[in-house]
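S.K.: Now for the letters of each chain:
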Amino acid sequence: MFKQTNWDEPLIFSLGRKGRRGHVLPKVEEEISRTIGDVSMLVPENMQRKSQPGLPELSEVEVVRHFTRLSEMNYGIDSGLYPLGSCTMKYNPRINELLANLPGISMAHPYQDEGDVQGILEILSRLERWLAEITGTYEVCLQPAAGAHGEFLGTLLMRAYHKLNGENEKRTEIIVPDSAHGTNPASAVMAGFNVVVIPSDKDGCVSVEALEAAVSESTAGLMLTNPNTLGIFEENIEEIANIVHEAGGLLYYDGANLNPILGKARPGDMGFDIVHMNIHKTFGTPHGGGGPGAGPVGVSKKLAKFLPVPRIVFDGESFHFDYDMPHSIGKIRGFYGNSAVLLKAYAYILSLGFEGLKEVAEVSVLNANYLAEKLKEIKGLTLPYGKEKPRKHECVISAKPLKRETGISALNIAKRLLDYGLHAPTTYFPLIVDEALMIEPTETFEKEELDRFIEAVRRICKEAYTNPEAVLKAPHNTTISRLDEMKVSHPKTMTLSWRMYLQKNNQNL
Amino acid sequence: MSKHSHPYIPNSPPEIKQEMMLEIGIKNMEELYRDVPEKYRLKRPLNLPEALSELEIKKHVEASLSKNNVSSDMLVFLGAGCWPHYVPAVVKEIAQRSELFTSYTPYQPEISQGMLQALFEYQSMICELTGMEVANCSLYDWASALGEAARMASRLTRRNEILIPKIIHPERLATLQVYAEPAGISIKQVAYNMETGQISLEDLRNKISDRTAAVYIENPSFLGFIETQVDEISREAHTHGAISITGVDPTSLGILKPPGNYGADIVIGEAQPLGNSMNFGGPLLGIFACRNDLRLIRQMPGRIIGMTTTMDGSRQGFCMALQTREQHIRREKATSNICTNEALCAVASAVYMALLGPEGLRELGETIMYNANYAVHLLSKISGVKAPVFKSAHFKEFTVNFNETGLSVKEVHQKLLKRRIQGGKDISKEFPELGETALYCVTEIHSKEEIERLTTSLEEILAGKR
Numbered sequence: 112m113f114k115q116t117n118w119d120e121p122l123i124f125s126l127g128r129k130g131r132r133g134h135v136l137p138k139v140e141e142e143i144s145r146t147i148g149d150v151s152m153l154v155p156e157n158m159q160r161k162s163q164p165g166l167p168e169l170s171e172v173e174v175v176r177h178f179t180r181l182s183e184m185n186y187g188i189d190s191g192l193y194p195l196g197s198c199t200m201k202y203n204p205r206i207n208e209l210l211a212n213l214p215g216i217s218m219a220h221p222y223q224d225e226g227d228v229q230g231i232l233e234i235l236s237r238l239e240r241w242l243a244e245i246t247g248t249y250e251v252c253l254q255p256a257a258g259a260h261g262e263f264l265g266t267l268l269m270r271a272y273h274k275l276n277g278e279n280e281k282r283t284e285i286i287v288p289d290s291a292h293g294t295n296p297a298s299a300v301m302a303g304f305n306v307v308v309i310p311s312d313k314d315g316c317v318s319v320e321a322l323e324a325a326v327s328e329s330t331a332g333l334m335l336t337n338p339n340t341l342g343i344f345e346e347n348i349e350e351i352a353n354i355v356h357e358a359g360g361l362l363y364y365d366g367a368n369l370n371p372i373l374g375k376a377r378p379g380d381m382g383f384d385i386v387h388m389n390i391h392k393t394f395g396t397p398h399g400g401g402g403p404g405a406g407p408v409g410v411s412k413k414l415a416k417f418l419p420v421p422r423i424v425f426d427g428e429s430f431h432f433d434y435d436m437p438h439s440i441g442k443i444r445g446f447y448g449n450s451a452v453l454l455k456a457y458a459y460i461l462s463l464g465f466e467g468l469k470e471v472a473e474v475s476v477l478n479a480n481y482l483a484e485k486l487k488e489i490k491g492l493t494l495p496y497g498k499e500k501p502r503k504h505e506c507v508i509s510a511k512p513l514k515r516e517t518g519i520s521a522l523n524i525a526k527r528l529l530d531y532g533l534h535a536p537t538t539y540f541p542l543i544v545d546e547a548l549m550i551e552p553t554e555t556f557e558k559e560e561l562d563r564f565i566e567a568v569r570r571i572c573k574e575a576y577t578n579p580e581a582v583l584k585a586p587h588n589t590t591i592s593r594l595d596e597m598k599v600s601h602p603k604t605m606t607l608s609w610r611m612y613l614q615k616n617n618q619n620l
Numbered sequence: 010m011s012k013h014s015h016p017y018i019p020n021s022p023p024e025i026k027q028e029m030m031l032e033i034g035i036k037n038m039e040e041l042y043r044d045v046p047e048k049y050r051l052k053r054p055l056n057l058p059e060a061l062s063e064l065e066i067k068k069h070v071e072a073s074l075s076k077n078n079v080s081s082d083m084l085v086f087l088g089a090g091c092w093p094h095y096v097p098a099v100v101k102e103i104a105q106r107s108e109l110f111t112s113y114t115p116y117q118p119e120i121s122q123g124m125l126q127a128l129f130e131y132q133s134m135i136c137e138l139t140g141m142e143v144a145n146c147s148l149y150d151w152a153s154a155l156g157e158a159a160r161m162a163s164r165l166t167r168r169n170e171i172l173i174p175k176i177i178h179p180e181r182l183a184t185l186q187v188y189a190e191p192a193g194i195s196i197k198q199v200a201y202n203m204e205t206g207q208i209s210l211e212d213l214r215n216k217i218s219d220r221t222a223a224v225y226i227e228n229p230s231f232l233g234f235i236e237t238q239v240d241e242i243s244r245e246a247h248t249h250g251a252i253s254i255t256g257v258d259p260t261s262l263g264i265l266k267p268p269g270n271y272g273a274d275i276v277i278g279e280a281q282p283l284g285n286s287m288n289f290g291g292p293l294l295g296i297f298a299c300r301n302d303l304r305l306i307r308q309m310p311g312r313i314i315g316m317t318t319t320m321d322g323s324r325q326g327f328c329m330a331l332q333t334r335e336q337h338i339r340r341e342k343a344t345s346n347i348c349t350n351e352a353l354c355a356v357a358s359a360v361y362m363a364l365l366g367p368e369g370l371r372e373l374g375e376t377i378m379y380n381a382n383y384a385v386h387l388l389s390k391i392s393g394v395k396a397p398v399f400k401s402a403h404f405k406e407f408t409v410n411f412n413e414t415g416l417s418v419k420e421v422h423q424k425l426l427k428r429r430i431q432g433g434k435d436i437s438k439e440f441p442e443l444g445e446t447a448l449y450c451v452t453e454i455h456s457k458e459e460i461e462r463l464t465t466s467l468e469e470i471l472a473g474k475r
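Residue numbers (this note's numbering), protein chains in the order written: chain A, 112 to 620; chain B, 10 to 475.
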């Protein structure tokens, strides 16, 4: 059975010995130090650092060992199934890592002369075109650093659009379905809007009646993911788009769930005005334990003039940055975007082409439906909403019956899955499903690994009826047993750094 | 596409698909899309290039990138928010450990202790550098961190004005404006002393009021000099009930007084120079830290990793803390919408800081300061060149003024490019009051010979030799 490495590795602050060094810098050349004199004289007295920062002192050997051990206590896509719903955890091609580490990009400074960075500008410009083609949008901005950053930009674009139309004072509301990702309402608020939540219908889709009742002269737009967070395609999308547009609002596409429609359907064709993409989901770049990602935003023609500066333009001979955009919202970050991440997406698209992207979509959907069909047969589990509808990228299973009958919750199932060397699905989301297990297998995993997952869930549910203790106390085979996630946020025990740890040293954690 | 199964899609062979379709009772793949309205089904191939093999992709991308001339091909003296520094081999090696880089945000802490501990160590080391007690595990970059800091200060004080220095990175200012405007925060810029570049305390006192949510300064400033009136500025902020925010280049903190020692409540900055490549300006690594004050901590944006124990209390471990601030729990009431951040870059920075240690970090600061000041020393000897413009101590960046040379920054720049030298950033448009001025950056990567190559080239150019 799976057993995760456990090094019991101390914090780096308790390792090493005084006097050790992990890296030595080139010596300051003698003529320089002679000319400049004592460097401490250069720093004004009141600005000198009097005591050294409390960093550990380690040799290179110890640093490598420490972080190698930490990495061994971590689970990644390369370890096994990682079916986090709405996270699209797919394989990260190694060639793309290699390319992104080439000096031609890694050592390029953003303010270099345009003539010296034509190669990367060409790549970024082409990527913009490809992403526009894939999403059915007119222009794409590569600058957002992540999906939520793209959402922030998208909602700012809504604001700019209504402002130019002189309607920003009255269009203060953004509508989101109750099944929406948490970022949608959070982004809307960041851009200064109020959030109106509408309920889903019995199929888990946008309730057209509820939407009709919610739109008004105050509507700035609707944020929607399609397929939605239940993995169900919003069949009424045409009607939804019409309602929003007739009310004068804009339609925003949350691209977290773009993977299953690559090459099959395009948000732009469905009437979406603004579309963000999660490069670190759909386009196979690593999630890195929480970033860096990239969240490009595609827009329809009428919104292109509001995009952040600079835009990459081609004058027939060479590429340039264009800052001359009077209607631009401005900047949402420094420079031009997470170029090293975007380069990997460029290579990813090249490796697949149109046919390959379509294959990605279809197989990801096949995998999700395969899981849904098999899992819903397991005693204690159901597949709520849209019973007759095929799933797209993900399926949401409810463990409500199991909880009622055995006391074993979705959380317990998730923790027990870890014991099998499988990552858990997203739990308790979307909020409209009780005891939700949100499962997105992606196209990355082979049937055998999917079967292993199904078998693990089957055994866990059986165990729930026969030996619930084992499930309740899971995980047993991970680096560490179940953690107290309340204690970490309690003011008395909250320890967010080594400094705080030292301050609390005498108290019990 | 060829008939081969794609290497990234293990279930693509027709017989496997057939087997799975049979299991779920469908006859063809199109049935899986039967709920997509006919009119939205794509009827044509997308206009994308044909799929390439790995070798072809490698050749293609290498050919494109070879059109670039970067800091490995030529001498580059650019900084301005993204700086050339050496990245030790170990840093890249660790960041390429696949268990780390192929993992997601550690929602399941028991199976993700490695990433969690590494991020906790990053947070802790940032605290040591800045003199703060709490740091998050990153924001996108310095610019967006400033936007978030302004909004946090406004929430904390329920005030809507932020004071910032006149000397600030133009892109950082532009980003701040975009983050601030929807929250109803207005931005006021405090003038500087024309001789020293230092913030005018008089102007600060004129502008600060009971509407001020925060006073923000940068150290070193955007134009590279060390701001010395830090204690007075923080005191001024606190006297008026405002939050004191400092933005830092962390490579300076081995030798400069940490903001925690001069009253900063929030510290932001850019940790790219700590172990991350420039990457044409992204990904970067936004620092966000604050004092150990619950009021502040609860308003912080971004992921924070904390130390906890197992349920039975027998062992220490790590998990995400204070998630009730975040979008996936709090939705429209979240402190920010940020979720994906720059975690792997933070791990790289943790490795970098661990490699350098306190001595290495001091040496880094000293070496940079030596080299930069040596460049200043040589440049200021060139007839007509003024370097730096301000009479203040400079760390790794400095202004070079060409007003008296008869050449514009642009002209000088073009002539330097011909000698395969990328000069400093032209700031004559952003800071017209400084005339024909460029912002140069010299770090530990520049050797004495390279600095001298710059200065002799400039001498020759200005002497009209080319």
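Simulated from the structure, these hints should not be mistaken for lab results. A hint or two may mislead.
Unchecked claim - As a list, the in silico SDA-like pairs of lysine to any residue whose alpha-carbon atoms are at most 20 angstroms apart:
1) A:161 with B:240
2) B:438 with A:431
3) A:584 with B:240
4) A:413 with A:500
5) A:603 with B:305
6) B:48 with A:380
7) A:514 with A:427
8) A:498 with B:48
9) A:490 with A:427
10) A:573 with A:517
11) B:400 with B:237
12) A:584 with A:595
13) A:514 with A:431
14) B:52 with A:545
15) A:558 with B:28
16) A:281 with A:327
17) A:500 with B:237
18) B:76 with A:161
19) A:375 with B:55
20) A:498 with A:545
21) A:603 with B:43
22) A:138 with B:458
23) B:400 with B:205
24) B:342 with A:138
25) B:390 with A:147
26) A:375 with B:43
27) B:67 with A:161
28) B:395 with B:419
29) B:390 with A:148
Claimed, not checked - Some residues of chain B that are not near chain A, with every Cβ distance over 12 angstroms (derived):
30) 66
31) 114
32) 138
33) 166
34) 181
35) 198
36) 202
37) 215
38) 219
39) 284
40) 317
The model shown is predicted, which means the values in this text are computed figures rather than measured ones. Positions of the beta carbon are idealized from the N, C-alpha and C atoms, including for glycine.
S.K.: Does each hint hold? Answer for all of them.
M.R.: So, going through the hints one by one against the coordinates:
1. Proposed proximity of residue 161 of chain A and residue 240 of chain B is supported: the alpha carbons are some 15 angstroms apart, at most 20 angstroms.
2. The straight-line distance between the Cα atoms of residue 438 of chain B and residue 431 of chain A is roughly 18 angstroms, inside the 20 angstroms bound, and the hint therefore holds.
3. The suggested pairing of residue 584 of chain A with residue 240 of chain B is violated, with an alpha-carbon distance near 53 angstroms, which exceeds 20 angstroms.
4. For a cut-off of 20 angstroms, the pair hint linking residue 413 of chain A to residue 500 of chain A is broken: about 35 angstroms separates their Cα positions.
5. The hinted pair formed by residue 603 of chain A and residue 305 of chain B meets the criterion: a straight-line CA distance of about 16 angstroms does not exceed 20 angstroms.
6. This hinted pair checks out: residue 48 of chain B and residue 380 of chain A have alpha carbons roughly 9 angstroms apart, not beyond 20 angstroms.
7. Note on residue 514 of chain A and residue 427 of chain A: the hinted pairing is violated, with a Cα-Cα distance of about 64 angstroms set against a maximum of 20 angstroms.
8. Taken as a hint, the residue 498 of chain A and residue 48 of chain B pair is broken in the structure, with Cα atoms around 24 angstroms apart against an allowance of 20 angstroms.
9. Simply put, residue 490 of chain A and residue 427 of chain A have alpha-carbon atoms about 64 angstroms apart, too far for the 20 angstroms limit, and the pair is violated.
10. Between residue 573 of chain A and residue 517 of chain A the CA atoms are separated by roughly 10 angstroms; this keeps the pair inside 20 angstroms, and the hint holds.
11. Under the criterion of a C-alpha separation no larger than 20 angstroms, the hint pairing residue 400 of chain B with residue 237 of chain B is consistent with the structure, at around 12 angstroms.
12. Simply put, residue 584 of chain A and residue 595 of chain A have alpha-carbon atoms about 12 angstroms apart, close enough for the 20 angstroms limit, and the pair holds.
13. This hinted pair does not check out: residue 514 of chain A and residue 431 of chain A have alpha carbons roughly 59 angstroms apart, beyond 20 angstroms.
14. This hinted pair does not check out: residue 52 of chain B and residue 545 of chain A have alpha carbons roughly 38 angstroms apart, beyond 20 angstroms.
15. This hinted pair checks out: residue 558 of chain A and residue 28 of chain B have alpha carbons roughly 10 angstroms apart, not beyond 20 angstroms.
16. Taking the CA atoms of residue 281 of chain A and residue 327 of chain A, the gap is near 10 angstroms; set against the 20 angstroms cutoff, the hint holds.
17. With a C-alpha separation of about 66 angstroms, the suggested pair residue 500 of chain A and residue 237 of chain B falls outside the 20 angstroms cut-off, and the hint is violated.
18. Distance check on the hinted pair: residue 76 of chain B and residue 161 of chain A sit about 47 angstroms apart at the alpha-carbon level, beyond 20 angstroms; violated.
19. For the proposed pair residue 375 of chain A and residue 55 of chain B, the alpha carbon gap of about 9 angstroms is at most 20 angstroms, so the pair holds.
20. Proximity of residue 498 of chain A to residue 545 of chain A is assessed by CA-CA distance (about 16 angstroms); at most 20 angstroms being required, the pair is judged to hold.
21. Proposed proximity of residue 603 of chain A and residue 43 of chain B is contradicted: the alpha carbons are some 55 angstroms apart, above 20 angstroms.
22. Distance check on the hinted pair: residue 138 of chain A and residue 458 of chain B sit about 14 angstroms apart at the alpha-carbon level, within 20 angstroms; holds.
23. Taking the CA atoms of residue 400 of chain B and residue 205 of chain B, the gap is near 5 angstroms; set against the 20 angstroms cutoff, the hint holds.
24. At most 20 angstroms may separate the alpha-carbon atoms for a hinted pair to count; residue 342 of chain B and residue 138 of chain A exceed this at roughly 52 angstroms.
25. Proposed proximity of residue 390 of chain B and residue 147 of chain A is supported: the alpha carbons are some 14 angstroms apart, at most 20 angstroms.
26. For the proposed pair residue 375 of chain A and residue 43 of chain B, the alpha carbon gap of about 12 angstroms is at most 20 angstroms, so the pair holds.
27. The hinted pair formed by residue 67 of chain B and residue 161 of chain A fails the criterion: a straight-line CA distance of about 50 angstroms is larger than 20 angstroms.
28. Between the alpha carbons of residue 395 of chain B and residue 419 of chain B the distance comes to roughly 16 angstroms, so the proposed pair stays at or under 20 angstroms and holds.
29. Using a Cα cut-off of 20 angstroms, the hinted pair residue 390 of chain B and residue 148 of chain A holds, with the two alpha carbons roughly 17 angstroms apart.
30. Listed as outside the interface, residue 66 of chain B is inconsistent with that label: its C-beta sits roughly 5 angstroms from the nearest C-beta of chain A, within the 12 angstroms cut-off.
31. Under the 12 angstroms C-beta cut-off, the non-interface status given to residue 114 of chain B relative to chain A is violated; the minimum distance is some 4 angstroms.
32. Consistency note on residue 138 of chain B: stated as away from chain A, yet its beta-carbon is not over 12 angstroms from all of that chain's, at 5 angstroms minimum.
33. Its beta-carbon lying about 19 angstroms from the closest one in chain A, residue 166 of chain B satisfies the requirement of being farther than 12 angstroms from that chain.
34. Residue placement check: residue 181 of chain B does not keep its beta carbon more than 12 angstroms from all beta carbons of chain A (closest about 7 angstroms).
35. For residue 198 of chain B, the requirement that its beta carbon stay farther than 12 angstroms from each beta carbon of chain A is met, with the minimum near 16 angstroms.
36. The Cβ of residue 202 of chain B sits about 15 angstroms from the closest Cβ of chain A, beyond the 12 angstroms cut-off, so the non-interface label holds.
37. Its beta-carbon lying about 24 angstroms from the closest one in chain A, residue 215 of chain B satisfies the requirement of being farther than 12 angstroms from that chain.
38. Distance check on residue 219 of chain B: its Cβ is at least 24 angstroms (rounded) from any Cβ of chain A, clearing the 12 angstroms threshold; non-interface status holds.
39. Non-interface status of residue 284 of chain B relative to chain A is broken: a Cβ of that chain comes within 12 angstroms, the nearest being about 10 angstroms off.
40. The non-interface label for residue 317 of chain B is inconsistent with chain A: the shortest C-beta to C-beta separation is roughly 4 angstroms, within 12 angstroms.
The earlier numbered hints that this structure contradicts are 3, 4, 7, 8, 9, 13, 14, 17, 18, 21, 24, 27, 30, 31, 32, 34, 39 and 40.
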